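Produce the complete structure using the sequences and hints provided.
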Amino acid sequence: MVDGRRHLRQEKLAASIHLTRSFTSPISFKMLDRLVGLSMLIAASAVFLYYTIWTLFMPFVDEDHALHSLFPPRVWAIRIPVILIILFTTVVGSFLSVVMIRSNRKKALKAKQKKST
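1 is the number of the first residue of the sequence shown in this note's numbering; add one for each residue after it.
Possibly wrong hints are sitting among the right ones.
No farther apart than 25 Å at their CA atoms in a straight line, the calculated lysine to any residue pairs in the SDA-like style are these [stated by the list, open to error]:
1. LYS106 - VAL91
2. LYS106 - VAL92
3. LYS114 - MET100
4. LYS30 - SER45
5. LYS114 - ARG102
6. LYS107 - THR117
7. LYS106 - ILE85
8. LYS114 - SER103
9. LYS30 - ALA44
10. LYS107 - PHE95
11. LYS107 - GLY93
12. LYS110 - LEU96
13. LYS110 - SER97
14. LYS112 - GLY93
15. LYS114 - SER94
16. LYS107 - SER94
17. LYS115 - ASN104
18. LYS106 - PHE95
Hints were generated in silico from the structure; no laboratory data involved. In this text, all values refer to a predicted model and were calculated from it rather than measured experimentally.
As structure tokens, this is what we get:
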């Protein structure tokens, strides 16, 4: 009975090790990277196609056509990119500011320690 339990425990351990190895193998990460990259490419292509149709082709379609219900007003074709650019530059500027402030603090601390020794 004890040997049976030990054997069962060893089988479970071997199965869990095999399962762990299969999830952490570099091959699965490579496939995951490709899947994420492909999904990002598809999403970016869909957004580009939607925006292109909205800005370049919809002005030539009659105002009362049913296709206009699929798109927001044209003024948002300019507002959305401007808002995104402002948001992006704000985030990048904030990040750079934080990095520069922390770097300056580290330099000041090192200079203070060097001065005290």
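Taking the earlier hints as the rules, which of them does this structure contradict?
7, 14, 15
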